[in-house]
Amino acid sequence: MAVDYAQLIANLRRFYDFSGKVVLVVGAGGGHLLDPACKAKKLIAIDRDREALDKLRATIDASGAQNSIEVVCASFEDVRLSGDVVYFEFCLHETTDPEQALTHARTLAPDIVIYDHLPESPWSFHAAEEDKVRRSAEAMERFGVRRRQIFSTVQRFRNHDELLAKIRVQGPLAIQRAERFIGATNIVIPMSYGLALL
Numbered sequence: 142m143a144v145d146y147a148q149l150i151a152n153l154r155r156f157y158d159f160s161g162k163v164v165l166v167v168g169a170g171g172g173h174l175l176d177p178a179c180k181a182k183k184l185i186a187i188d189r190d191r192e193a194l195d196k197l198r199a200t201i202d203a204s205g206a207q208n209s210i211e212v213v214c215a216s217f218e219d220v221r222l223s224g225d226v227v228y229f230e231f232c233l234h235e236t237t238d239p240e241q242a243l244t245h246a247r248t249l250a251p252d253i254v255i256y257d258h259l260p261e262s263p264w265s266f267h268a269a270e271e272d273k274v275r276r277s278a279e280a281m282e283r284f285g286v287r288r289r290q291i292f293s294t295v296q297r298f299r300n301h302d303e304l305l306a307k308i309r310v311q312g313p314l315a316i317q318r319a320e321r322f323i324g325a326t327n328i329v330i331p332m333s334y335g336l337a338l339l
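Take the sequence shown: its letters are residues 142 to 339, numbered as in this note's numbering.
These aren't lab readings, by the way, just hints derived from the structure by calculation. Hints are not guaranteed to be accurate.
Said to hold, decoys possible - Here are the simulated lysine to any residue pairs, SDA-like style, with alpha carbons at most 20 Å apart:
| # | residue 1 | residue 2 |
| --- | --- | --- |
| 1 | Lys162 | Glu211 |
| 2 | Lys162 | Lys180 |
| 3 | Lys307 | Ala325 |
| 4 | Lys307 | Ala269 |
| 5 | Lys162 | His245 |
| 6 | Lys182 | Glu192 |
| 7 | Lys273 | Gln241 |
| 8 | Lys180 | Asp252 |
| 9 | Lys273 | Gly335 |
| 10 | Lys183 | Leu222 |
| 11 | Lys307 | Phe322 |
All chains, full assembly: derive it from the sequences and hints.
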């Protein structure tokens, strides 16, 4: 496992109480951190990646939580559902226009929770996402952060091949940056990340 997901989940649970709320989960196809155990009234999982949502749907079916989760295959900008909170899970930086995404989120729910990488994170650099992460962080600041919490962890890989498998989808620059780890074992890359309530 590249990162300690149990710790990320614990951080999320301590930061914001999803209990009894209708939660719009943006970029939900991965389905890593927010699950029915959060005691939300309803989770509306939104992702434009049908294959990722199919995997999430299989996980939901296996957990027996079908009645509390709705799966929506759509671009977030096209969603017109409402709820109590919009939750972006490590995906705001992937949006074309983070400020526009936040503005749209505000029309859907009074609270916005963002879990994402921080601009100074070495992991963001190695994933070749530092510009995207900086752009989304700036959009959050302009939008207004009510509360935030910052965390640190590490991404761990047994070797270069395992690292490459994780970052290959990020493109040639990430692959090039990973070259410094060729031949290395027990690779550890620091990752700073944060939670914000807007």
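Against the structure, the hints come out as follows:
| no. | hint | in the structure |
| --- | --- | --- |
| 1 | Lys162 - Glu211 | holds (14 Å) |
| 2 | Lys162 - Lys180 | holds (8 Å) |
| 3 | Lys307 - Ala325 | holds (16 Å) |
| 4 | Lys307 - Ala269 | holds (12 Å) |
| 5 | Lys162 - His245 | holds (19 Å) |
| 6 | Lys182 - Glu192 | violated (26 Å) |
| 7 | Lys273 - Gln241 | holds (14 Å) |
| 8 | Lys180 - Asp252 | holds (17 Å) |
| 9 | Lys273 - Gly335 | holds (15 Å) |
| 10 | Lys183 - Leu222 | holds (12 Å) |
| 11 | Lys307 - Phe322 | holds (13 Å) |
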